[in-house]
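Use the sequences and the hints to build the structure in full.
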Amino acid sequence: MPVVKAVTCPVCGCLCDDIEVTVEDGKIVKVKNSCAMSESKFLGYGGHRRLKPLVRKNGNLVETSLKEAVTKAAQILAEADYPLLYGWSSTSCEAIRVGLELAEEVGGVIDNTSTICHGPSALSIQDIGIPTCTLGQVRHRADLVIYWGSNPWAAHPRHIERYTSFSDGRFEQNEWKGYMSKVKASNARKKFESALRKVLPKEGVPAPSTDSKDPYPALLKQGRKLIVVDVRKTRSAEIADYFVQVEPNKDYELFEAFRALILNEEIDVDKVAGVPLEYLEEIAEVMINCSFGVIFFGLGLTMSTGKLRNVDAALSLTRDLNMRTKFMIIPMRGHFNVTGADTVFTWQTGFPYAVDFSLAYPRYNPGETTAVDVLLREESDAALVVASDPIANFPKKAAQHMVKKPLIVIDPHMNATSQMADVVFPSAFVGIEAEGTAYRMDHVPLPLKKVVTPPKGVLTDQEILKRILSEVRKIKASSSAEAA
Amino acid sequence: MEQKSRLRVTLITGRTIDQGVGKEQGKVSEVYRDNVSICYIDPSDLKKLGIKEKNNVLVLTEYGSVVVKAVRSLRAPHPGLIFMPYGPWANAVMNPDTHGIGMPSLKGIPGEIQSAQEKPMLSLQELLKEQFGK
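Protein sequences appear in the order of chains B and U.
Just so we're aligned, residue 224 is where the first sequence starts under this note's numbering, counting upward by one.
Just so we're aligned, residue 812 is where the second sequence starts under this note's numbering, counting upward by one.
It cannot be assumed that every hint is accurate.
Calculated from the model, a selection of chain B residues having no Cβ within reach of chain U, i.e. all distances over 10 Å [stated by the list, open to error]:
(1) V246
(2) A301
(3) C356
(4) R364
(5) N397
(6) K413
(7) E416
(8) S417
(9) E479
(10) V498
(11) S514
(12) K549
(13) E601
(14) H666
(15) R696
(16) E705
Here are the in silico distance ranges between beta carbons for each label pair [as the list claims (entries may be wrong)]:
(17) B:P678 - U:G891: 44 to 52 Å
(18) B:P225 - U:E929: 51 to 59 Å
(19) B:T676 - U:L885: 38 to 46 Å
(20) B:G359 - U:R883: 38 to 46 Å
(21) U:D845 - B:G446: 35 to 43 Å
(22) B:E247 - U:L885: 31 to 39 Å
(23) B:P225 - U:S855: 52 to 60 Å
(24) B:K405 - U:L885: 16 to 24 Å
(25) U:D845 - B:N588: 35 to 43 Å
(26) U:E929 - B:G359: 50 to 58 Å
(27) B:P670 - U:D845: 29 to 37 Å
(28) U:K930 - B:R542: 48 to 56 Å
(29) B:N588 - U:K930: 39 to 47 Å
(30) U:R883 - B:A408: 22 to 30 Å
Just so you know, the hints here were simulated from the structure itself, not pulled from any lab data.
Model, not experiment: these values are computed from the prediction.
Ideal Cβ placement from N, Cα and C applies to all residues, glycine included.
Structure representation (structure tokens):
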């Protein structure tokens, strides 16, 4: 059986490129090295799939020919005054490029999923700048790793194993063994205590041991340290050497407290964001004393109160720390090519997301030209959604306007958005059935492989977009010829 | 009718590994539905409201309400904090306000929960029908 090695996984922003896929009779039968999400995608992508384009007739979606679907979609886009072109982060850079051309041609607004993800981070980075590096640098050099408002265990399952604490770096050791012995010791202690409770009378039993006796043993340890800051004790937090439980919507205060401590300023309160000050002092000490620190931040910052201002504080903290030691910061990007979407948008238009072509030149004003705002103001009069599911992931009010107007969907899967659509194009899975380029969360471009051939008649996102674009151009040319 | 006790909570949405596995299987798959139409609640809060695991619970915010299944949180203690995985059910109660930067507020939303044994949980189809009429 042929085994395809070094396949890049098209699921999350980690873009793990060590996946081994076994193919039998044109089907994937086995995957190696992948996480639960990746395995689910490689082995289960074929289910819940339609293979023919659909159009809505008399309220129902019915199968149609590709030609008719392309004509219908092109008509909708060519007739619209202000169409919204949304999605893009789960397709290849090549398809995104065609999408931008289409947006310019139809004079619409084009936005990618950064808008409800790390959009605020982009704004903040434009304001403050970002001291950053690649994940390879982190793997080999970082001796302090902080995950803030992100839960890699659930969202980027192999991030810790490939790039941070549990990876074998050239200059830093893998902490896996230490973690395992910590888990074993803790289990043994729990067993011992429960046995004691059975044997001894109630009053003679020592209280279950907590970390409060010796609050900071982990921070004194040698080697790589892992700190997690979150509102809940997530699985990632359980792996961490120390966990800081911040109160919801209080991240900004906590960052500013750290900044004050790092600049040797006095803080007059006992607690900041629910965390005792003395504990913060210990952590600030660890931050200053590391030789290469890195903060990975997630949507815990961009989606809660303060949004971009939380990221401002995170970037400023990193800048301050660079006066004392070396510190980097990297956003944990979700979809596998959301970084690529930002990058291609920026090459082509100068702006990373929320680009408005209605004046024939690219204009960028987040808050006005961002997808959710365009929908809430009920300004768009048609929408094209590529490789995304906004009906499931936008707030209800925004999604309701999208459904009211003609909606075209290009997506390999059926989802909530395609069920609401007027034209649906099933497409090939990029990274499984189609080649392409994607950008990892640290802006490293990686090739996506074609492992199996797509079902007959199913085209790639790029090809479908090219056909729609050429049809739109034909319609525009004939209508301008008529006008003349 | 007897007024049911409600509990004021802060609603957080986010990723779970099961939601991730479900979305890759397909957004119309049962795995996806089962893993996103839920709400993780602190055991002490479940006790206060007399809700048992897998019972239906009504989540209310200023922006809407939705019936989901209650799940005892393994990440406790976090009294007063509930967690819903991203998905159509969570978005029924999200704050659409973007504060002028394009980003709706999807974490840290004030809300309330109450037991809703008698109310049915909607399927994806029913939820879409209710919200969008299609």
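Practice item. Provide an ascending list of the numbers of those earlier hints which the structure does not satisfy. Key: Violated hints: none at all, because every hint is consistent with the structure.
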